[in-house]
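Protein chains in written order, with the numbering used here: chain Z, -14 to 371; chain B, 9 to 106.
A couple of the hints might just be wrong.
[As the list claims (entries may be wrong)] In the SDA-like style, the derived pairs of lysine to any residue whose C-alpha atoms are separated by at most 25 Å in a straight line are: (1) Z/K138 to B/R57; (2) Z/K103 to B/N31; (3) B/K63 to Z/T306; (4) Z/K103 to B/H17.
Treat the hints as calculated values from the structure; they're not laboratory data.
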Amino acid sequence: MSSVRVLVGTKKGAFILTSDGKRDKWDVSGPHFGGWEMYHLKGSPVDPNRIYASQSSGWFGQIIQRSDDGGKTWETPGGGPTATPDGMPKGESNKFVYEGEVGKHLWYDGTQHPWEFKRVWHLEPSLTDPDTVYAGVEDAALFKTTDGGHTWKELPALRHTKGHLWQPGAGGMGLHTILLDRNNPKRIFVAISAAGVFRTDDGGETWKPATRGLNITYELPDKTNEVGHCVHRIAMHPARPNVLFMQKHWDVNRSDDGGESWHEVSGNLPSDFGFPIDVHAHEPNTVYVVPIKSDSEHYPPDAKLRVYRSRTGGDEWEPLTKGLPQSDCYVNVLRDAMAVDSLDECGIYFGTTGGQVYASADSGDNWKPIVRDLPSVLSVEVQTLS
Amino acid sequence: MIRVELPFHLRTLARVDREVMVNVEGPVTLRAVLDAVEDRYPVLRGTIREHVTQKRRPFLRFYACEEDFSNEPLDTPLPEAVISGKEPLSIIGAIAGG
Chain Z
-14 MSSVRVLVGT KKGAFILTSD GKRDKWDVSG PHFGGWEMYH LKGSPVDPNR IYASQSSGWF
46 GQIIQRSDDG GKTWETPGGG PTATPDGMPK GESNKFVYEG EVGKHLWYDG TQHPWEFKRV
106 WHLEPSLTDP DTVYAGVEDA ALFKTTDGGH TWKELPALRH TKGHLWQPGA GGMGLHTILL
166 DRNNPKRIFV AISAAGVFRT DDGGETWKPA TRGLNITYEL PDKTNEVGHC VHRIAMHPAR
226 PNVLFMQKHW DVNRSDDGGE SWHEVSGNLP SDFGFPIDVH AHEPNTVYVV PIKSDSEHYP
286 PDAKLRVYRS RTGGDEWEPL TKGLPQSDCY VNVLRDAMAV DSLDECGIYF GTTGGQVYAS
346 ADSGDNWKPI VRDLPSVLSV EVQTLS
Chain B
9 MIRVELPFHL RTLARVDREV MVNVEGPVTL RAVLDAVEDR YPVLRGTIRE HVTQKRRPFL
69 RFYACEEDFS NEPLDTPLPE AVISGKEPLS IIGAIAGG
């Protein structure tokens, strides 16, 4: 019988929710790493019990944790044969050092500012090797481990792609999205706020901006308009990797050519501002967003929490409201806080800044909170287990 | 042996009690004690001092015998009471946030 494991990162710890395939009753374990900011947790697609977690703190910096038993126990990678004689991990798993000359990017005041590592926003395990993981960090850069998180090395060419013109948004300059193409191991998409989308076709040796066609509201620092776009999230269906969907600061966009060009598909959304976007597990043209009122008011329009679904790949959207609060709701849903499972009837999940995790076991038609009153939710990932 | 008091989150990370004991060869300075702590508990590398710059993390403070050593040069000798083990070097998380 299939089961589902939901990995929830919050501002004050991580929580792991499990259920059988009915997704009716849920067990909640946690907090794991109570008191720490857990930006993201994600399991390996090839070894689901291998889970990586980003643990960080304004006091103590960045820690990477790893579980090999589905989140029951954790270690900072580096244990086992590479440990010290005392058995302690060697402590390199939290060492994220930019390659070569650190360089500078654009600062809020228009001056150049040196890159400074702050935290890991997103961990993306390889589709084929449980020891290989990509990490998207703030200040924006892409790191990679090939030894299970013990050591990390930057893929520096990304920051050479007009990095001097990247400028942080209000939430910091984080690399928040990493999309791997299962048909082409050399191709990776990353998204950075507020720099844009970038694509490599050679495993990270070279990168190019993938932003042509995006609307431009303000004059960008880059006169060619290739970088400087505040992309909040991009998503793809694994079976159709050339089609991408994007929730930008404003606008929902779609690309049909692997990011070579984009066009807007906001259609009839009540607001096209928002953070997450995701794709149905079995219907590549079914897309989900959570509209937020505006960039100044980070809560749902009309105080009604509504997921919008398009079954046409954008432009035509329907509100999904059953089981979601339809009055006095002022929560936000952050960019990494939506995910889908791959059971026959696709489940959709999202977490809020109010500490609820909502789930739908029927593609979004009906919702219910599967846990509530957690700390503010930063990320949600789902593992479908057989 | 030098006693070092750790803040809550570093205790849980290193899986130790409130205080740890480290041995320091040579002059007992802040740098020598921190080096010894990181050698004994490598998981704490990068959490007290930045990996590359070796600067104290901004929200951590170092106290000994009710004196604030946070902004002292790293090679400043620590008080005799710390060297003798009578008093700990305290690593404290600064109060911040709401």
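Quick rundown of the hints versus the structure:
no. : hint            : result
1   : Z/K138 to B/R57 : holds (20 Å)
2   : Z/K103 to B/N31 : violated (32 Å)
3   : B/K63 to Z/T306 : violated (51 Å)
4   : Z/K103 to B/H17 : holds (18 Å)
Of the numbered hints stated above, those contradicted by the structure are hints 2, 3, listed in ascending order.
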